[in-house]
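Chemist: Guided by the hints, dock chain B onto chain A, whose structure is given.
2 protein chains.
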Amino acid sequence: MDENQEELELHFQQLREELDQNNLPAFRDHFLEMHFYDQGQFYQSLNPKERQLIYSYLSPKELADMFDVIEEDDEHMEEYLNEMRPQYAADMLAEMYTDNAVDLLNELDKKPVTKYLSLMDAEHANDIRELLHYEDDTAGSLMTTEFVSIVANQTVRSAMYVLKKEAQIAETIYYTYVVNDDNQLVGVISLRDLIINDDDTMVSEVMSERVIAVNVGDDQEDVAQTFRDYDFLALPVTDYEDHLLGIVTVDDIIDVIDDEAASDYSGLAGVNVEEVNENPVKAASRRLPWLITLLFLGMTTATLINHYEALVSKASILAVFISLITGTAGNAGTQSLAVAVRRLAISDDSEKNFGKLVVGEILTGLVTGLVTGITIFIIVGIWKHNFILGFVIGAAMMAAITVATLAGSWIPMIMERLGFDPAVASGPFITTLSDLTSVLIYFNIASLFMERFIGQ
Amino acid sequence: MDENQEELELHFQQLREELDQNNLPAFRDHFLEMHFYDQGQFYQSLNPKERQLIYSYLSPKELADMFDVIEEDDEHMEEYLNEMRPQYAADMLAEMYTDNAVDLLNELDKKPVTKYLSLMDAEHANDIRELLHYEDDTAGSLMTTEFVSIVANQTVRSAMYVLKKEAQIAETIYYTYVVNDDNQLVGVISLRDLIINDDDTMVSEVMSERVIAVNVGDDQEDVAQTFRDYDFLALPVTDYEDHLLGIVTVDDIIDVIDDEAASDYSGLAGVNVEEVNENPVKAASRRLPWLITLLFLGMTTATLINHYEALVSKASILAVFISLITGTAGNAGTQSLAVAVRRLAISDDSEKNFGKLVVGEILTGLVTGLVTGITIFIIVGIWKHNFILGFVIGAAMMAAITVATLAGSWIPMIMERLGFDPAVASGPFITTLSDLTSVLIYFNIASLFMERFIGQ
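Protein chains in written order, with our numbering: chain A, 223 to 678; chain B, 223 to 678.
Isolated chain A, as found in the complex (with noise of 0.2 Å):
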């Protein structure tokens, strides 16, 4: 029952086969039961040359239902494009959901585009070009035209016709808009709700016209927040005027999530996550960037210290802890920074309760700091047997976690208001920054009692 993977493999062989001895009704007939999703693995399984024999036995419609499923940003996709005859992959362009072939096309240079559009028929060619015009990451960059809308004066058995007829191309058609004479949404009607009314009611009476709608320019985060709390499979998109423009469905959402979390992920790290299978010297440099930059900034470190150097050599000992207390607090920064970051994602109160948070870092930052200072405090003192060097790293310990969980949580809020995205503020940038106001606070308290923990 379950295709297990041996089981498609064993499909795959079978339609490679089918492929390679020019066996074109066997093939189809196999190749055509698969999902959409198996057929676009076995597709991308394929060589160059078997990739040919595919394009001369599936229509464009056949190759588009299979190019809908498969993402947008595999790296082959050009190559696919660039070896069909350039009328065939116009046709199947025009085929696919309009959202799919937009995000296609976006992945491309402008050149192709324009030709691929001119070989297109009018009406496809228009409503991908009024895709292309919108931002990334808004509501008007995810949603597609291909949804069902009516007019709410009619029964529901003229709306089921309508449905019938539109099923084939529509991306859902399990919401159905209901639009006035202006085209503007005034209400919507789910197909449950659909068949279990009787035939001759009418639209208007079982309609729902508490429509929830996201605006075109909505960002894609705030899409999909009304996505998780309301749980619905697709949302009309309007535009100010409360003209419907569109639907999102529920799998682009998905990505939307998914997208959210890498990134979100790759700014705490520092890197970008998404360089998977890539060749060492390729990954190496999207590493790069940011390790150099924060090795400047961790110069200014090792000035400072250069500075303290003469203490250093007076007092050897103080070496032992810089990267203790320097490592502790850039954990504590780390943590800071993942809450705070979180936090702005998942609020929208940000604004509001800036006081109450930055007074709340600060007393999580003391308390923890605390806690960890008279850990270290007991630990020096006993190790050394000296309580007033205990002091001097128990205090910088607390003073420098207290500053870099501040830190943590300041930086991303105020690039939140600086208008960047918060993410941005990297773990490991955090973690090289706390470095420097560690060192800076260690040194100082260090001086203070320097001929206290010597003569000791």
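It cannot be assumed that every hint is accurate.
Capping the alpha-carbon separation at 20 Å, the derived lysine to aspartate or glutamate pairs in EDC-like fashion look like this [as the list claims (entries may be wrong)]:
1) Lys283/A with Asp415/B
2) Lys386/A with Asp420/B
3) Lys386/B with Glu427/A
4) Lys386/A with Asp422/B
5) Lys386/A with Asp422/A
6) Lys283/B with Asp453/A
7) Lys578/A with Glu496/B
8) Lys387/A with Asp415/B
9) Lys386/A with Asp421/B
10) Lys387/B with Asp287/B
11) Lys271/B with Asp242/B
12) Lys283/A with Asp453/B
13) Lys578/B with Glu500/A
14) Lys333/B with Glu301/B
15) Lys606/B with Glu531/A
16) Lys606/A with Glu531/B
17) Lys578/B with Glu496/A
18) Lys332/A with Glu297/A
19) Lys387/A with Asp420/B
20) Lys386/A with Glu317/A
21) Lys387/B with Asp415/A
22) Lys536/B with Glu531/A
23) Lys387/B with Asp421/A
24) Lys536/A with Glu531/B
25) Lys386/B with Asp415/A
26) Lys578/A with Glu500/B
27) Lys387/B with Asp420/A
28) Lys386/B with Asp422/A
29) Lys386/A with Asp415/B
30) Lys386/B with Asp420/A
31) Lys386/B with Asp421/A
32) Lys387/A with Asp421/B
33) Lys283/B with Asp415/A
34) Lys387/A with Asp422/B
35) Lys333/A with Glu301/A
36) Lys386/A with Glu427/B
37) Lys387/B with Asp422/A
Hints were generated in silico from the structure; no laboratory data involved.
Note that this is a predicted model, so its numbers are computed, not measured.
Modeler: Showing chain B alone in chain A's frame:
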């Protein structure tokens, strides 16, 4: 049209007034026309006295619809249930979708669960009891039993008849699952296919026999991946003999994806990022376990530096670069860790390519280390007019970065092999571990060249 926040606030105010004036009919009218999510928002904004009114104004079924969309990890959930009459609470739980009721009961102690189950009708209690058995994070724990199943040997017309009857209680009616006499899953038909096919067609002719199903014991991450791949709105769950047990719906998968992302992010930061709006002491107590654990690991590094104290007192310049080397290596380790954890999460072939990955990471580490090492060699050489010292720092930096890069990628791989979640290897852990190896490398290289760079 688009219910904006302001409108909703006004609506809430009106509802609260109707509640206070005991205006039952008006309240019911206005409350029940809202989306379940908005009902939940209103309910959660009430005080205990007002909530008591809700329990007398709404039926258990009406409350259940709303509870179906309130997140079960809301901290007040237990309070809500406790303030209802036990029979009312039990009736409400019975009316909820089974998967949601189970999620909610899983948050409670054993005693109230037993109480509610004993107050329920046998059928609902059994459904819930069965689902309570499934392990967390498996398909079984996500699934619901409110699905529609039919036999193949009937017409589309009669299938639609069944569907209409079940539409009120099924969690989704957009897929109908076809089973044989043994309740084994043999096919699936979407509502789209049902409505576009002729009423007299047999279900067996139009159903898809290639059903993608998940096994009840499958990990929830794998279930989420199947949803991503195939863009389904629901997936059937079967046991090892293909018996149909339940379905998982896409809204639950969005929660899974969110939870997994939060857990990866928390892992990288070394803190549970779900701590939102907590008081400072609670927030600190979440962060301290990792901090203190890592403080002890950091003490090993301090002990190591202590071992080289004689070296430092002879050449205090060495102290200047400790934090630069440990910091930069730590940053490289964090990057490498994040890439490795991400790769493990999205690919299943970690076993196969283990050797290749290791070689790749060694090379990436070497390239990254080489570039960074040369950079710092030049900077230190010029700054200190001492290229031997520059060479020592550069070589130590290069070696430390290579080791940190390897540790960052190997440790999660090894954890995965040992059956742990690789995301648990946190960024702070890697940086603290890398402090130790970096210091070891640094002082060993420094010892070797000691006489020369001091001499210069």
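Chemist: Tell me the numbers of any earlier hints that the structure contravenes, in ascending order.
Modeler: Nothing - there is no hint that the structure violates, so all of them hold.
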